[in-house]
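**Q** Please work from the sequences and hints to get the whole structure.
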Amino acid sequence: MTGRVIKLISNKWTVLVEGHFYECSSIGKFKYLKISPLVGDIVEIDKENNVIKNIMPRKNELVRPPIANVDQAIILVSCREPNFSSNLLDKMLVVIEYNNIKPIICFTKYDLLDDTSEMDEIINYYRTIGYTVYINKEISDIKNLLKDKISVLTGQTGVGKSSLLNSLKEDLNLATGEISKALGRGRHTTRHVELLDIDGGLVADTPGFSSLDFIGMDKKDIKDNFIEFYENEDNCKYQDCLHIKEDGCYIKKLVSEGKIRNTRYENYKKFIDSIPDKKW
5 MTGRVIKLIS NKWTVLVEGH FYECSSIGKF KYLKISPLVG DIVEIDKENN VIKNIMPRKN
65 ELVRPPIANV DQAIILVSCR EPNFSSNLLD KMLVVIEYNN IKPIICFTKY DLLDDTSEMD
125 EIINYYRTIG YTVYINKEIS DIKNLLKDKI SVLTGQTGVG KSSLLNSLKE DLNLATGEIS
185 KALGRGRHTT RHVELLDIDG GLVADTPGFS SLDFIGMDKK DIKDNFIEFY ENEDNCKYQD
245 CLHIKEDGCY IKKLVSEGKI RNTRYENYKK FIDSIPDKKW
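Going by the numbering used here, 165 is the number at position 161 of the sequence shown; the sequence numbering is gapless.
Watch out, some of these pointers could steer you wrong.
[Unchecked claim] DSS-like cross-link-like pairs, simulated, lysine-lysine; straight-line CA separation at most 27 Å:
(1) K35 <-> K51
(2) K35 <-> K95
(3) K223 <-> K263
Hint data in this document are derived by calculation from the structure and do not stem from the laboratory.
**A** If you want it as structure tokens, here you go:
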């Protein structure tokens with residue numbers, strides 16, 4: 005029988021098969037092959053022994069949060085408590101784009117701002133370069149995105165993932181956590197990855213994270229997943245321009261003219277610096 009993994013807790017996978025739930029373990033060959041079923045996987049199960057015996061090919065997967073076959077990622081970024089981090093947002097966008105998942109940005113805690121002018125400028129920029137952007141008050145619009153999709157709700161700890169899910173589906177009653185005043189970040193309130201049935205789609209509530217790595221990516225991957233860089237780089241003098249030290253770089257020209265946000269470019273340079281040079 006074939007179904008979808010919708011929850012993983014302590015090496016027990018809950019698989020949904022034709023409206024029925026099976027709590028399964030996995031067979032030993034997965035350990036030998038160094039793979040493990042992920043939430044979102046389509047799997048074959050032996051329902052007599054409640055064992056996952058095969059994992060169907062994945063169209064994509066994320067390492068953090070660990071989930072497969074995602075259609076879209078709703079990235080939650082906080083305006084305050086914790087304060088907005090352009091570095092973290094840009095890093096998430098690069099990783100999600102690299103994994104062929106559609107990113108959607110949702111700014112949370114917008115209502116906590118005394119002056120919204122700076123944040124409005126940031127929001128408008130991400131919309132201008134092609135991203136779908138919401139603020140957390142636009143619940144009905146966010147609901148319309150979910151139907152017939154597998155969505156992952158992800159972001160830094162404390163941005164309000166559980167609060168947003170409670171708003172999307174009133175009977176969830178997920179636990180929410182306060183922000184640590186000393187650390188400036190929230191406590192984990194989600195302890196496992198689970199797909200929740202919301203408005204005709206499956207939505208993953210996932211543990212928050214404080215860091216993210218460019219696993220398996222090289223400098224070209226970083227460059228190609230800054231969308232406003234990729235769309236304009238044909239105007240650079242050199243075909244393999246990294247937009248760092250090269251002369252005749254059109255991207256640096258756009259930055260100097262204010263057409264590309266300087267914070268985006270500075271984050272890009274930091275990401276490039278974090279990737280070691282290839283040794284041939």
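**Q** Could you run down the list of hints and mark each one as holding or not?
**A** Now the hints, each set against the structure:
1. K35 <-> K51: 20 Å, holds
2. K35 <-> K95: 31 Å, violated
3. K223 <-> K263: 23 Å, holds
Hint compliance for this structure: hint 2 alone is broken.
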